[in-house]
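Participant: Sequence:
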Amino acid sequence: MVRMRRARLQPSARARVVERTALRFSASVAQAVGTGWVRSGSALVRFGKRLAMVQDDALWLAWLDAGGELQAQALATEASGERLIHDKRRKPDFEAAAVIPGVPERLLVFGSGGLASRERIAILSESQGVRLVEATALYASWRCEPRFAGAELNIEGAFVDGTRLVVCSRSNGALSRDPEAFDATAEIQLSELLAYLEAPHTAAVPRLGQIEQYQLGQIDGVRLTLTDAALRDGQRYYVAAAEASAGAISDGPVHGVSLGLLAEDARYALIEDESGQPLREKVEGLTPVPDSEDWLAIVDADDVTKPSNLLRLRCQGL
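Take the sequence shown: its position 201, counting from 1, is numbered 201 in my numbering, and each next residue is one higher.
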């Protein structure tokens with residue numbers, strides 16, 4: 001039986017932006033990738049010595065190297081030669097990333113699954129380079145599980161917890177105004193997933209294990225829906241945005257964002273900007289800062305004329 005968990009606002013908790021960096025490339029990198037900045041930050045994860053940044057409209061990763069320089073790495077190239085996709089219905093919509101431990105360590109980057117163009121998974125490793133998998137059968141299995149996908153599948157987060165990959169679906173789709181709409185997490189055995197990714201046309205599709213459903217609160221009558229999640233000290237954290245969008249493939253104004261805990265007693269704090277006012281930017285990627293209680297997060301401005309921002313968040317009381 002799947003339980004619905006309703007997150008509560010924790011009045012004593014506080015989450016605030018304490019540092020902000022606009023993610024701009026050097027002139028040489030900008031010339032190579034065709035843009036001067038990270039345009040659409042959608043996931044954030046540490047991969048080896050890099051801080052990797054996923055973009056939802058680009059077939060390349062941005063990353064900060066050990067020296068703090070912003071670099072780029074191609075994931076693939078469309079037949080047309082494009083790596084920056086301007087058509088919303090054709091963009092890869094990479095929205096989630098997870099690091100698979102081992103030798104070699106691997107980074108999986110997931111499309112959201114909202115359209116056929118968004119059912120790809122990129123696999124990166126230091127020794128084997130990049131491979132792009134058309135994971136149609138996997139996404140179909142997720143979409144056909146209403147306890148997980150709800151009205152429309154929209155993968156927005158992923159992380160490893162022990163021997164399992166946890167994937168997160170965001171319910172900001174067309175039917176998300178239903179009072180019983182929910183976000184959800186589902187667990188998949190890593191061994192099954194990796195076997196499938198090696199032979200997606202012949203291997204068994206990984207089974208969905210434990211599913212948990214969440215309602216994460218609201219701001220100004222707009223539901224907070226999950227935009228990323230991460231594991232820290234064995235606990236599952238998330239960020240969510242109250243985005244007034246018409247559907248899972250549409251953007252809309254953001255009324256506020258939250259940082260919270262996915263747990264039996266799910267709870268959250270609303271994120272404040274540097275001046276202490278409610279933050280109204282769509283925070284997507286989330287990853288812990290090593291040797292600190294702080295978090296790093298990335299903003300998707302939904303505006304290709306503006307660079308995404310890397311935020312440092314300080315949270316107390318959760």
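These are calculated hints, taken from the structure and not from any lab test. Each residue gets a CB set at the ideal place from its N, CA and C atoms; glycine is no exception. Hints should not be assumed to be uniformly reliable.
As the list claims (entries may be wrong) - So the derived label-pair ranges between C-beta atoms look like this:
id : residue 1 : residue 2 : range
1  : V160      : A66       : 18 to 26 Å
2  : T163      : P288      : 28 to 36 Å
3  : Q73       : D291      : 22 to 30 Å
4  : G34       : R147      : 25 to 33 Å
Participant: Hint by hint, note whether the structure agrees.
Facilitator: Status of the hints after comparison with the structure:
Checked against the hint of 18 to 26 Å, the C-beta distance between V160 and A66 comes to roughly 23 Å, which is consistent with it. A hinted range of 28 to 36 Å for the beta carbons of T163 and P288 is inconsistent with their spacing of about 21 Å. Evaluation of the 22 to 30 Å hint for Q73 and D291 yields a pass: the beta carbon distance comes to about 26 Å. At roughly 41 Å, the beta carbons of G34 and R147 sit outside the given window of 25 to 33 Å.
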